[in-house]
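Peer 1: Listed below, chain by chain, are the residues.
There are 2 protein chains.
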Amino acid sequence: MERREQILVAAAEEFDRVGYAATAIAAVARRAGVAQGTLHFHFPTKLALALGVIDEQNARTFAVVSHTDASPLAALVGASKGIADLLRTDPIVRAGIRLSLERGEFAGATSSFYEQWIGGIVDVFRLALGSGELSTDLTAEELGGSVVPYFTGVQLVAEVRSGRADLDPALAVMWRMVVHAIAAPAHRERLLGVVAETFRTR
Amino acid sequence: MERREQILVAAAEEFDRVGYAATAIAAVARRAGVAQGTLHFHFPTKLALALGVIDEQNARTFAVVSHTDASPLAALVGASKGIADLLRTDPIVRAGIRLSLERGEFAGATSSFYEQWIGGIVDVFRLALGSGELSTDLTAEELGGSVVPYFTGVQLVAEVRSGRADLDPALAVMWRMVVHAIAAPAHRERLLGVVAETFRTR
Numbered sequence: 001m002e003r004r005e006q007i008l009v010a011a012a013e014e015f016d017r018v019g020y021a022a023t024a025i026a027a028v029a030r031r032a033g034v035a036q037g038t039l040h041f042h043f044p045t046k047l048a049l050a051l052g053v054i055d056e057q058n059a060r061t062f063a064v065v066s067h068t069d070a071s072p073l074a075a076l077v078g079a080s081k082g083i084a085d086l087l088r089t090d091p092i093v094r095a096g097i098r099l100s101l102e103r104g105e106f107a108g109a110t111s112s113f114y115e116q117w118i119g120g121i122v123d124v125f126r127l128a129l130g131s132g133e134l135s136t137d138l139t140a141e142e143l144g145g146s147v148v149p150y151f152t153g154v155q156l157v158a159e160v161r162s163g164r165a166d167l168d169p170a171l172a173v174m175w176r177m178v179v180h181a182i183a184a185p186a187h188r189e190r191l192l193g194v195v196a197e198t199f200r201t202r
Numbered sequence: 001m002e003r004r005e006q007i008l009v010a011a012a013e014e015f016d017r018v019g020y021a022a023t024a025i026a027a028v029a030r031r032a033g034v035a036q037g038t039l040h041f042h043f044p045t046k047l048a049l050a051l052g053v054i055d056e057q058n059a060r061t062f063a064v065v066s067h068t069d070a071s072p073l074a075a076l077v078g079a080s081k082g083i084a085d086l087l088r089t090d091p092i093v094r095a096g097i098r099l100s101l102e103r104g105e106f107a108g109a110t111s112s113f114y115e116q117w118i119g120g121i122v123d124v125f126r127l128a129l130g131s132g133e134l135s136t137d138l139t140a141e142e143l144g145g146s147v148v149p150y151f152t153g154v155q156l157v158a159e160v161r162s163g164r165a166d167l168d169p170a171l172a173v174m175w176r177m178v179v180h181a182i183a184a185p186a187h188r189e190r191l192l193g194v195v196a197e198t199f200r201t202r
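Chains X and H, in that order, give the protein sequences. If you number the first sequence the way full-length UniProt numbering does, the last residue is 202 and the count never jumps. If you number the second sequence the way full-length UniProt numbering does, the last residue is 202 and the count never jumps.
FYI, nobody ran anything at the bench for these hints, they're computed from the structure. Just so you know, these numbers come straight off a predicted model, no measurement behind them. Among the hints, a few may not be true.
For the chain X half of the interface with chain H, some residues (derived, Cβ under 7 Å), not all of them [what the hints assert, rightly or not]:
#1 Gly19
#2 Tyr114
#3 Gln116
#4 Ser146
Beta carbons: idealized from backbone N, C-alpha and C, even for Gly.
Only chain X is shown next, with the shape it has when bound in the complex (with noise of 0.2 Å):
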């Protein structure tokens, strides 16, 4: 791991494990096992670190959706597996999101990544009212403003309740709700199968 990534992982743990407010510069060295000196030329001050970790967590999460499907529906699901999964194992990414929702200093930061996700999602549901999969008169951005929402509420809710042990099982019953209330008859039955495909962990 190079040096700039091995401080966004220690500082990603740090933010993860108490906050923004409450990490410090000197832990963050610490963990990282570098001089504070060091930490100061990656990142001079601690906003910096956040932006830096909100950042990558942004890359690391896009690239996730990045591939495209014959089924756009398919792969918003596939796409909310792998941020589960990501969750789960990448610290940067639970810092990142855990980020995103506190305020304060980085709120401009945080405030374009929602609009970018949101963008992002909108363009996928264009996506699948064009390809006849979707039955709704929801408009695509209102159904990209709103399934973002859905799933940062999940899987924060899951973290609380559960450590987010139970997350796979709740985004399974999100996307069952959002097949029900948009997919198309003829394509309802093949996406609930995508749906309980993806999520087979009970």
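Fit chain H to the known structure of chain X by using the hints.
Peer 2: Only chain H this time, still in chain X's reference frame:
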């Protein structure tokens, strides 16, 4: 306002502004206009203060849901509007919901907060299933366990994106999704009407 509530409101404003870790007892006492000794008499620790805010938020939000309705799903739509209004106007509700997503010291209180909430909403979904208002293969437990996180995510992302200015239209989209997903055909139009009527803010 009695002394104890005055302190809780001041604490809520500080928690909401800077989060738990960065909140200083001295700042809360100053904001409440009481001596630190008085504050310590009512709340011996910062944790006690946070738990007091969470408890009070819990009581205030539950009060909004407690009234029943001929239509269980319409009662939930109304309750979500009531909570949205409290989020905009009541610092204790705002701070309590924020604290309930932090972790660490009060993870226990927080997790039981969600269990109570989900339990209450599950009961309403059970009534809705019994009344024939719904047509779904999801259980009351799955519905309550998914709609509470959905609301949580919608209000959080609305806070990040617009300082909650867009919360009402976002909740309207959420309920349109839920109604399309689970309402019995005979009740669908009526329930969509309830949603439109409840959130007619544009």
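Peer 1: So, for every hint listed, does it hold in this structure?
Peer 2: Quick rundown of the hints versus the structure:
Because the beta carbon of X/Gly19 sits about 5 Å from the nearest beta carbon in chain H, less than 7 Å, this interface hint is met. About 6 Å separates the beta-carbon of X/Tyr114 from the nearest beta-carbon of chain H, less than 7 Å, and the hint is met. At a threshold of 7 Å, the smallest CB-CB gap from X/Gln116 to chain H is about 12 Å, leaving the interface hint violated. Look at X/Ser146: its Cβ gets to within about 5 Å of chain H, closer than 7 Å, so that hint holds up.
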